[in-house]
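Asks: Residue-level listing of the chains:
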Amino acid sequence: AQTIHQWPVAEIKAVGSPLSLGCTIKGKSSPNLYWYWQATGGTLQQLFYSITVGQVESVVQLNLSASRPKDDQFILSTEKLLLSHSGFYLCAWSPLTGGQNTLYFGAGTRLSVL
Amino acid sequence: GQQVQQSPASLVLQEGENAELQCNFSSTATRLQWFYQHPGGRLVSLFYNPSGTKHTGRLTSTTVTNERRSSLHISSSQTTDSGTYFCAYSNTNKVVFGTGTRLQVLP
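If you read the sequences in order, they're chains A and B. Under the numbering used here, the first residue of the first sequence carries the number 1, and numbering increases by one thereafter. Under the numbering used here, the first residue of the second sequence carries the number 1, and numbering increases by one thereafter.
It is possible that some hints are incorrect.
To be verified - Sample of chain B residues lacking proximity to chain A, with all beta carbon distances greater than 12 Å (derived): (1) E17; (2) A19; (3) E20; (4) S27; (5) T53; (6) H73; (7) S75; (8) D81; (9) Q104.
To be verified - Distance condition first, Cα-Cα at most 27 Å in a straight line; then the derived DSS-like pairs of lysine-lysine: (10) B:K94 / A:K28; (11) B:K94 / A:K26; (12) B:K54 / A:K28; (13) B:K94 / A:K70.
No lab work stands behind these hints: they were computed from the structure. The structure displayed is predicted, hence computed values, not measured ones. Note that CB positions come from ideal geometry on N, CA and C, so glycine has one too.
Model the full assembly from the supplied sequences, consistent with the hints where possible.
Replies: Encoded structure:
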């Protein structure tokens, strides 16, 4: 069975500080990977997706960057946090091929920027 | 660009009542998925349903592809159904979420 793990569970950071959020998928080779952001009370906004190691496409950047250093790992980062980065960050995966292109989400990371 | 509208924005029910949630999207979907978000944030997939009708328990999803709409029917609602329901659609790797329906089921 596939599992998706996000870390950390929550972060409280200062404006201007760096950030790194991680996501690991086990039990599935070559998944599509996605990062989403959700403001409090808002909808989910896709930030990045990756279909293979080393390739990341930006949908909405929000002064963030993403990398896929390994097949099963997706990293979201920034060197300087803004107040507007606060929110809930969700990583998701879907099968690369196959008829059912379902999205599966991790438990998320809640970020507060002060 | 891709857009998706959900209605109603919020809904309050008495336990036992039924609910019908709507999702309208701007172009043909190859992926249409309904999610439930727990009050704590966890997102759970309810249905992957780009066309036709699917059932699970008290939930039914119906997607009419050529009319670019999908619905989620909840029968005999329970207090544990409270939370936010999202539909998400795409025909590419860009997956667009609707604004969600916030459901509150009162005992």
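Asks: Out of the numbered hints, which ones does the structure contradict?
Replies: none
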